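Q: Each chain is listed here by its residues.
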Amino acid sequence: MSNLRLLAGPDLSSGAEAFADHNSRLGASPVGGRELIDTLTRSGMTGRGGASFPVGHKWQSVAASKRSAVVIANGAEGEPQSRKDRLLMTTRPHLVLDGAFLAARTLRAKQVVIYVGDQHQAAWAAMARALAERPEPERSLARMAAAPHRYVAGESSAAVHLVDSGVATPITTPPHPRDRGVAGAPTLVQNVETLAHVALIARYGDAWFRSAGRRGAIGTLLVTLAGAVKRPGVVEVEAGTTIEEALAIAGGISEPSTAVLLGGYFGAWVKASNASELPLDAAALHAQGLSLGCGVVGVHPASRCGVCDTARIMRYLATESSAQCGPCFFGLRALSDACSRVAERGTNREDIARLKRWSVEVQGRGACKHPDGAVIFLRSALNTFSDEFAAHPAHWRQQPA
Amino acid sequence: MSELHLTIDRIKCDGRGLCAELLPELIHLDDWGYPIIAPVPIPNQLAPHAQRAVASCPVLALALKRTIRSK
Ligand SMILES: Cc1cc2nc3c(=O)[nH]c(=O)nc-3n(C[C@H](O)[C@H](O)[C@H](O)COP(=O)(O)O)c2cc1C
Ligand code: SF4
Numbered sequence: 001m002s003n004l005r006l007l008a009g010p011d012l013s014s015g016a017e018a019f020a021d022h023n024s025r026l027g028a029s030p031v032g033g034r035e036l037i038d039t040l041t042r043s044g045m046t047g048r049g050g051a052s053f054p055v056g057h058k059w060q061s062v063a064a065s066k067r068s069a070v071v072i073a074n075g076a077e078g079e080p081q082s083r084k085d086r087l088l089m090t091t092r093p094h095l096v097l098d099g100a101f102l103a104a105r106t107l108r109a110k111q112v113v114i115y116v117g118d119q120h121q122a123a124w125a126a127m128a129r130a131l132a133e134r135p136e137p138e139r140s141l142a143r144m145a146a147a148p149h150r151y152v153a154g155e156s157s158a159a160v161h162l163v164d165s166g167v168a169t170p171i172t173t174p175p176h177p178r179d180r181g182v183a184g185a186p187t188l189v190q191n192v193e194t195l196a197h198v199a200l201i202a203r204y205g206d207a208w209f210r211s212a213g214r215r216g217a218i219g220t221l222l223v224t225l226a227g228a229v230k231r232p233g234v235v236e237v238e239a240g241t242t243i244e245e246a247l248a249i250a251g252g253i254s255e256p257s258t259a260v261l262l263g264g265y266f267g268a269w270v271k272a273s274n275a276s277e278l279p280l281d282a283a284a285l286h287a288q289g290l291s292l293g294c295g296v297v298g299v300h301p302a303s304r305c306g307v308c309d310t311a312r313i314m315r316y317l318a319t320e321s322s323a324q325c326g327p328c329f330f331g332l333r334a335l336s337d338a339c340s341r342v343a344e345r346g347t348n349r350e351d352i353a354r355l356k357r358w359s360v361e362v363q364g365r366g367a368c369k370h371p372d373g374a375v376i377f378l379r380s381a382l383n384t385f386s387d388e389f390a391a392h393p394a395h396w397r398q399q400p401a
Numbered sequence: 001m002s003e004l005h006l007t008i009d010r011i012k013c014d015g016r017g018l019c020a021e022l023l024p025e026l027i028h029l030d031d032w033g034y035p036i037i038a039p040v041p042i043p044n045q046l047a048p049h050a051q052r053a054v055a056s057c058p059v060l061a062l063a064l065k066r067t068i069r070s071k
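Those protein sequence lines, which keep their order, are chains A and C. Numbered according to the numbering used here, the first sequence spans residues 1 to 401. Numbered according to the numbering used here, the second sequence spans residues 1 to 71.
Same shape as in the complex, but just chain A:
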C-alpha cells in the first residue's frame, strides 16, 4: 500500500525512530482533551487487541468517572503467531507513547503503565529508551511493567491484576477495569496499535482516519501474515483489503494451502477457497460470524494435517488456562485430551461426540474469555476439517511440529 500510516517514515530496519525525528516528521503531539473523545467516537475506530471494542465508547466511560484514571498500554502480545505489536513498539515507540499520553491528559490519569511482554526484549528496550526521551511531566507519569510470558497475561483484567498485585491472572468482572481497575481507579486498557492510531487521529482528525479503507471499511490496520507465506511478517493494509490482496503484498503463498487460521488461536479456521475473498475488517468479518482478532492470517499448508495442528493448539490453550475456573481448567484439558486421542490413535465416535458437546457447554463459563476463544477455535476446526476429523488415521507421531 502506498499510503502507509503507522509504518510510514524511516525504513523499519533502522530500528526505533528517535523522539526528535518523530516530532519533526509528524509535528508535536496535540494536548488532547474532551474534544478528542468526540473525534475518536466519530472516527469509528475499534480496538486492535482482539475484541474490536469501539475506542470512543471506552474513553467515554472512563471519562464519566469523577476519579482520575489509570492508562495501561497493552503490549503483552501473547498471541503466538502475532508480530505486529512488537514491530510497532520496536520501530515506532513514540506513536504508542503519544497515544498513551493523549489518553492520560484527556482522562486526567495519574499513572500510565507501559505493559510489555517479558519475552519481547527488543520491544521492551525500545519502549524504555523512548520513555527516557520524553520530557517531564510525561516521564515521571509513566512506568514500564513486564507481562509474564503467558497467553492470558494480556487479558485486560489480568493486566490490572499484575499492576495491582504482581500476578497476571484475570479477575472476575464486572466491575470491568474501565469502571474499577488499578487500585479501584477507572482504568483504560488499550492495545498499543490502537494507541498509535489515536496519536495520528489526534493530529489529523476523524475524517482523515476514515479516508482510508476499502469496500466500506475504515482506516488502516496491521496484519501479521504467518505460515505458508513467501515473506511472513507484518504489513499495514487498508481495512477491507482481502486476504488474497494482503498475501500478495507478502509475495503470495509459498505452497498449496487448504485452510487459513484467521485471528490467531482465538480465531477460526476458514477453508482456503472461502478465505481469499474475505475482507480484513472487524465489522465485515463479524457480520459473517468470524473475527479479525488481533489481525493474524495463518496460512495452513496442504502438507500439514489440520486435525493434528488443531490438537497441538488445543493442548497449548489448555496449558495456558490460569486454572482458576473449573469449566476452563477441566473443560479445556478434557477437550485437548479428546483432540489428542483422535490425532494420535485415530478417530472414534465417542471423542467426536464429546468434542461437539463440550465445546458448546464450556462457552461463557469462565471469568475471562479464554475458554470462549478456545472453543470457538475448536468448533471452527470441526467444521472446516470435518472430513479429516471423520476419517483421521493414527498418525500424529509421524508429523513433525
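Warning: the hint list may mix true and false statements.
[Claimed, not checked] Calculated lysine-lysine pairs in the DSBU-like style (CA-CA distance at most 30 Å, straight line):
| hint | chain 1 | residue 1 | chain 2 | residue 2 |
| --- | --- | --- | --- | --- |
| 1 | C | 12 | A | 369 |
| 2 | C | 65 | A | 369 |
| 3 | A | 110 | A | 66 |
| 4 | C | 12 | A | 356 |
| 5 | C | 65 | A | 66 |
These are computed hints drawn from the structure, not numbers from a lab. Predicted, not measured: the structure shown is a model, and the values here were computed from it.
Given chain A, work out where chain C with the ligands should sit, using these hints.
A: Chain C with the ligands only, in chain A's frame:
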C-alpha cells in the same frame, strides 16, 4: 419489567454442587461437577428455591441479580 437472574463467580466456584441439588429445574452439573445455569430468567415460583441455593453456596459464588428490561 424486571427479571431475576442467577450469576456465578467462576473463580470462587469450587464445584461443590449444592446449587444443582437445591435447584435442579435451572441448574445441572457438567462432567467435572461445575454448574451449568439455564440461560432464562428465574420463574416466580422458583424464586424462593433460587434464594435458598444462593444462601447455601459454601463459597458464596452464586448470586441473584435483578435486571430491568425495557420492552
Ligand atoms: C485470554 C486473552 C488474552 C489477551 N491477550 C491480549 C494481548 O496480548 N494484547 C492485547 O492487546 N489484548 C489482549 N487481549 C484483549 C484485552 O483483554 C483487551 O480487550 C485489549 O487489550 C483492549 O485494547 P483494545 O480495545 O485497544 O483492543 C486478550 C484477551 C483475552 C481474553
Ligand atoms: S476462564 Fe480460564 S483463563 Fe480465564 S480466569 Fe478462568 S481459569 Fe483463568
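Q: Now look at each hint and say whether the structure bears it out.
A: Hints versus structure:
1. Our distance criterion of 30 Å between C-alpha atoms is met by residue 12 of chain C and residue 369 of chain A, whose separation comes to about 16 Å.
2. Taken as a hint, the residue 65 of chain C and residue 369 of chain A pair is honoured in the structure, with Cα atoms around 21 Å apart against an allowance of 30 Å.
3. A threshold of 30 Å between alpha carbons decides the hint, and for residue 110 of chain A with residue 66 of chain A the separation of about 13 Å falls inside it, so the pair holds.
4. With a C-alpha separation of about 27 Å, the suggested pair residue 12 of chain C and residue 356 of chain A falls inside the 30 Å cut-off, and the hint holds.
5. A C-alpha spacing of about 26 Å is found between residue 65 of chain C and residue 66 of chain A, which places the hinted pair at or below 30 Å, so the restraint holds.
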